[in-house]
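*Asks:* Those protein sequences? They're chains G and X, same order as listed.
Quick note on our numbering: the first sequence kicks off at 1089 and runs consecutively.
Quick note on our numbering: the second sequence kicks off at 203 and runs consecutively.
Among these hints, one or two may not hold up.
Said to hold, decoys possible - Cut-off 30 Å, straight-line C-alpha distance, at most; resulting in silico cross-link-like pairs (DSSO-like, lysine-lysine):
id, chain 1, residue 1, chain 2, residue 2
1, X, K261, G, K1345
2, G, K1240, G, K1315
3, G, K1346, X, K461
4, X, K461, G, K1376
5, X, K416, G, K1315
6, G, K1376, G, K1240
7, G, K1192, G, K1289
8, X, K416, G, K1240
What the hints assert, rightly or not - Chain G stretches covered by chain X per the calculated footprint, using a threshold of three residues with CB under 8 Å from any CB of chain X:
id, region
9, 1140-1147
10, 1168-1181
11, 1196-1205
12, 1209-1222
13, 1240-1250
14, 1312-1322
As the list claims (entries may be wrong) - To be clear about the criterion: a stretch of chain G counts as covered by chain X if any three or more of its residues have a C-beta under 8 Å from a C-beta of chain X, and this derived list gives those stretches:
id, region
15, 1101-1107
16, 1326-1340
17, 1357-1369
If you are wondering where the hints come from, they were derived from the structure by calculation, not from laboratory data.
The structure displayed is predicted, hence computed values, not measured ones.
All C-beta atoms in this analysis are idealised placements derived from N, C-alpha and C, irrespective of residue type, glycine included.
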Amino acid sequence: MNRHAVFWRAALLALPLAVFGVFVVWPLLDSFYYSFTDWNGFDPRYRFVGLENFARIVTDRLFTNATVNTVIWMVLALLLPTLGGLALALLLDSRAVRGANVFKSIFYLPICLSAVVVGQIWIWIYQPDWGLLNTFIEAVTGRPETFAWLAKPQSALYSVIVAWSWQQMGLSMVIFLAGLTAVPADLTEAAAIEGANRWQKTWYVVLPMLRPATVVVVALSVINSLKGFDILYIMTAGGPFHSSDTLAMFMYNESFKKYRMGYGSAISVILFLLTLAIIFFYFRQLRKLDEIHG
Amino acid sequence: MVVFVCLCVLALLFLAPTLGVILSSLKSTREIAFGALWTLPGGLYLENFREVLAHPSVKTYFANTFLVTVPATAGSIGLGILAGYVFSKLPFRGSELLFLVIVSGMFFPPQIVLIPLFRMFSGLGLLDTLWPMIIVHVAMGIPICTLLMRNFFATVPNALREAAIVEGANEWQVLTRVALPISLPALAVLATLQFTWIWNDFLWPLIFTQSDEKRTIMLGIVSLKGQYSVAWGIQGALSLVASLPTLIVFLFFQRYFIKGMTMGAIKG
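Please model the complete structure; the sequences and the hints are all you need to start from.
*Replies:* Right under this line is the structure:
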C-alpha cells in the first residue's frame, strides 16, 4: 500500500510540478539572476554589475514616483471597492429585496469584461468634449466643461483608479455576500427583539461577523492592486509625465520600451519581495482567524 | 422600498458605462459626430457590426484567441486535477507546504516573470507564435486549478476511494471513474473562470507577439483602434464583439463563475 501510494503521488504530480517549476518557479529565480546584470533584451552578451541596478533604483526618482503611485493605488483600491462592495452586499442582503439576483448580476458583470474593454469604456466617460462625466457636470452646473481627466497629471491616476474600482466592486460584494450568509438569522432577530434598529443591528451584530470576509477582501484588493497594469496601459500608459506610473507599469516600460532588462529585473525582484511580504501577512491573519473561529 | 430604489439608482449608475458602449455601437459616425454618443440611437443601425465582423484581422484575432484559450483552459484544468487529487487524497509529509507554495503563485503579479519568460521563448524561437501564450496560461492556471480541485476532491468521501481500491482499482481509475464524474460542478467552475481570464488577457500577447497574424483579440482591438480613431461606433462594436464569448459564458454559467471567485478567494 505504501509503495503503491509513493508511485502514484510521483506519477500524478510529475507533470503539474514540472510545468509549474519550469514556467513559474524557474523564471522567478531567473529574475533574481538578471537583476545583477545589464542585459539589454537582445544582445546575447551581458555583464554582471553586482548591486548596481539596486543602487540605481534607490536614487531613481521615477521609481520613487511609481512606488508612491502604487501606494496611492493600493489605498484607494482598498477603500473604494471594499466599502462600495460592503454597501452593495448589505443593501442586497435585506431579505425582502425584489430581483436581488438581477441586481447581483448587474454589479458583478464588469468583472467578466476585460481590462481592455473596461479601459475603453472609461476613456469615453472621461473624454473631454462629449464624455459622459463632463456632459453630466455640464447638465448639473449649466456651464460648459472640457476638463481632460486622463491627460492631466493631477487627475490621471485617480481617474484610472475609479475605473478599476468600478470593475472590482462586484468581487468584494460577492465575498461579503458569502460572509453574510454565515451570519445566523437568530442573532439579528435577537437584536431586533432587544430593540436594536437597522443601523445598530448592522453595526453591532452583522459587521463584527463579517471580519473573516473583510480580511479576504482586503488582502485580495491589496494583492490585485499590485497587478494593476492592463487597464493603466490602455487608459494612460503611465502618463502624462509618469503621473500614473505604478511599479508594474514602470517595470514594463523600463524593460520593454527602454530595453533595460537588467534594471527591469531588479524592479521585478522588488515587486516580488513586496508581494511576498503581503502574502505572508495575509496567511498569518488567516491562521489567526482560523484559531478564533475554529 | 427605500432599499429597492437605492439599488435601482446604483444599478443604473453601474450599467451606464456599458450601456454607453452598446448605444454608440448602434450609431453611425455622423450621428455621433453631432454630439449624440450617450443618447438613444435614431434607428437600428448595424453597419458598425457588419464592418467589424467583415474585417479580416478580426477573424484572425478570434481564431487565435480560441486556439490559445481552449487548449490553455483544458491544460490548466487537467494539471490542476492531477495535483489536486494528490493533495487531497494522497497527502504526504510536506505536501501541505508544497500546496501552499503552488497556491501562492496566483497572488504574484506576472511582471516578476516577464523578462525570463521572454528570454526563454526567444531562445526557443517561439516568439510571435501562439505557443508561449498557451504554455504560460497553462502554467499560471495551475495554482487556482489545483486549489479548487483539491477543495472539491476533499468533499469526495474517502470511503468511496477505499472501496474502489479494495476492488482492485488503481489511483488513476479512482480519479477518472470515481472522483471526476462527481466533480463536474467544480470543472464547470474552473472552465468558466479560466476561459474568461485567458480570453481577456492582454499582457502576454503584448509581450510575446509582434505580427498582426498572431495577435489575440484584446491586443487586436487595441491595435485596430488606431485605424478607427474617430469612428467611435466601430470602436464600440469592436469592444462588444470581443467581449461576446465571455458575456455569453457569464450569462449561462454565472452561478459557477461567482462560486469560483468566492471559493478561490476564501479558501486561498
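*Asks:* The structure should be examined with respect to each hint, and the outcome stated for every one.
*Replies:* Verification of the supplied hints:
Proximity of K261/X to K1345/G is assessed by CA-CA distance (about 29 Å); at most 30 Å being required, the pair is judged to hold. Of the supplied pair hints, the one linking K1240/G and K1315/G holds, its CA atoms being roughly 23 Å apart against a limit of 30 Å. The hinted pair formed by K1346/G and K461/X fails the criterion: a straight-line CA distance of about 42 Å is larger than 30 Å. Of the supplied pair hints, the one linking K461/X and K1376/G holds, its CA atoms being roughly 25 Å apart against a limit of 30 Å.
Simply put, K416/X and K1315/G have alpha-carbon atoms about 25 Å apart, close enough for the 30 Å limit, and the pair holds. With a C-alpha separation of about 44 Å, the suggested pairing of K1376/G with K1240/G is violated against the 30 Å cut-off. Using a Cα cut-off of 30 Å, the hinted pair K1192/G and K1289/G holds, with the two alpha carbons roughly 23 Å apart. Annotation: proposed proximity of K416/X to K1240/G is violated, straight-line Cα distance about 35 Å (limit 30 Å).
Look at the region 1140-1147 of chain G against chain X: 0 of its residues bring a Cβ nearer than 8 Å to a Cβ of that chain, fewer than three, so the hint is violated. With 3 residues having a Cβ less than 8 Å from any Cβ of chain X, the region 1168-1181 of chain G passes the three-residue criterion, so the hint holds. Using a Cβ-Cβ cut-off of 8 Å, 10 residues of the region 1196-1205 of chain G lie near chain X, which meets the minimum of three, so the contact claim holds. A stretch counts as covered by a chain when three or more of its residues have a beta carbon under 8 Å from one of that chain; for the region 1209-1222 of chain G and chain X the count is 6, and the coverage holds.
A stretch counts as covered by a chain when three or more of its residues have a beta carbon under 8 Å from one of that chain; for the region 1240-1250 of chain G and chain X the count is 0, and the coverage is violated. With 6 residues having a beta carbon nearer than 8 Å to a beta carbon of chain X, the region 1312-1322 of chain G meets the requirement of three or more and the stated coverage holds. Remark: the region 1101-1107 of chain G is confirmed as covered by chain X, as 5 of its residues place a Cβ nearer than 8 Å to a Cβ of that chain, reaching the required three. A count of 4 residues in the region 1326-1340 of chain G with a Cβ less than 8 Å from any Cβ of chain X is obtained; the coverage claim is therefore met, three being the minimum.
Under a criterion of three residues with beta carbons nearer than 8 Å to beta carbons of chain X, the stated coverage of the region 1357-1369 of chain G is upheld, 6 such residues being counted.
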